[in-house]
Every structure is written in structure tokens, then in C-alpha cells.
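Participant: Count the sequence shown with the numbering used here and you get residues 2 to 236, in order.
No lab work stands behind these hints, which were simulated from the structure alone.
Please note: incorrect hints may appear among the correct ones.
Said to hold, decoys possible - Dumping the calculated BS3-like pairs for lysine-lysine here, alpha-carbon to alpha-carbon at most 27 angstroms:
hint : residue 1 : residue 2
1    : Lys33     : Lys136
2    : Lys33     : Lys176
3    : Lys113    : Lys33
4    : Lys208    : Lys196
5    : Lys196    : Lys178
Stated by the list, open to error - Restraint ranges, calculated between C-beta atoms of paired labels, are given here:
hint : residue 1 : residue 2 : range
6    : Asn171    : Arg41     : 19 to 29 angstroms
7    : Asp190    : Arg220    : 13 to 23 angstroms
8    : His148    : Glu209    : 45 to 55 angstroms
9    : Arg205    : Pro96     : 50 to 60 angstroms
10   : Arg100    : Phe131    : 12 to 22 angstroms
11   : Glu209    : Arg146    : 45 to 55 angstroms
From the three backbone atoms N, C-alpha and C, an ideal C-beta is built for every residue, glycine too.
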Amino acid sequence: SDVCSSDLEISNEWDNLGITNDFIFYKVMQDKELLEELVRIILPDIEFDDLNITAQKPIEIGKDVHGVRFDIFATSNDGTVIEIEMQVLSQGNLPRRLRYYGSMVDSELLDKGVVYSKLKDCYVIAICPFDYYNKGLHKYTFTNRCHETDGLEMGDGTTKIVLNAVGTANDVSRKLKEFLNYVSGKPSDDEYVKKLDAAVYKARQNKEWRRQYMTLLMRDLENQEIGIEKGREEG
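Build out the structure end to end from the sequences listed, making use of the hints.
Facilitator: Written out as C-alpha cells, the structure is:
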């Protein structure tokens, strides 16, 4: 009966999942049109004609090195890398996590034989339903700058962006604000948000995805139980 109740809980959870769930996020963002529009909303100053998308892209450097699995890893037709994460929990390590993700992107490019001088621009973006920096901004953009000379950029081509869905400042475009409002659970009449919401609803109707999600969740629960049991034995 415990198994049945677990199945029921997972089933109920699935029926209520939204865009902040990383499983739903990466499934929905495999739609090239939706992702390209989101990238243009977040990064209005970059130009591209096409995106090559890999969802849940794993990068393993070696057995002794902590690998990563990116929610969305996309490259534009000119080679620009755009990596997007849905970061729901504030664990206090977001800046260093983004630093590590950026280094993993570079190692992946270098593994493919790209020389340093040919490394393309890289954008690492975290979408958060919380304000990590507590400044009220919707968008925090970080690049490497010189401390000694104002306005001097290092020019290494890396940009890290932290999006805050609960921002209060008037600091971003209406389109981006509407998207972030949607992430924070607020209703919106924005055309893009409506398309996105329809895609989320459609994703929840996908029986194969539901089965995948339930399998992953059951595996996580089993691993947690094994960890607790091991702790008891060692204790």
C-alpha cells in the first residue's frame, strides 16, 4: 500500500507541475521556436539565425571529476553557446555553480579541438524564483571587469546572468518581466507566456514523459531510502 500511495502522490505531483520543474522545463524548451524566442527575450542584443539544442546534456570530464548535466545547452549558427538552468532552490552556492558550469562549457569546446583564440562567446543563465542578491532586480548580468580601471572588460567572452522572478525594479523589457512573472506563478496575457503555458499543459498530457518522470522520482526516493539505511547501519 505504501507503493500505491507513493504512485498516487507522484501522479498528483505530475498533474500540478509547472515551468519551474526542471524536467518540464527541459522537455518544453526542446521546442526550438519557444527556446529561440526566450533567448531573444533574455538576450536582445545578440544576433543569431538558428539554435542547435541539446536538452539534459551531460558533460563528463573523467571518473574523478564531478560532471554536470545542463538543462538546456544550445549553440547558435555562429558558435555562441547559451546554457540555461532552471534553479529552483537557493542553496547559497549559485555563483560558484555558474562558474563551474562555465568551465564545463569551455572544457567541452576544447575537447572538440577548439583552440583558445577560437573559443566562442558563452552565456550561462540561471532562472530563479528567488532573489539571490536581494537587490530587487529582475536581471543580474556579470562579466569579468578590471578593478583598477573603470569600464575595462577582460574580453574573455563569458557572461553569466541570474534572472530573478520576484524582482521589483523597472529594469527589464515588458516581455522578460512577463516571462519572469509566469515563472513566479503569476497569470499573464502575454502572447509568449500563453504559448509557453500551453506547451507546459501539453507536456503534462504526454504519457511517455509522465512515465519517465515517475521512474526518475521513484529512483530518487529509492536512493534516498538506501542512503538513510546506510546511515543507520554506519551509525
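Participant: Of the numbered hints stated earlier in the document, which are not met by this structure?
Facilitator: The structure breaks hints 1, 7 and 9; every other hint is satisfied.
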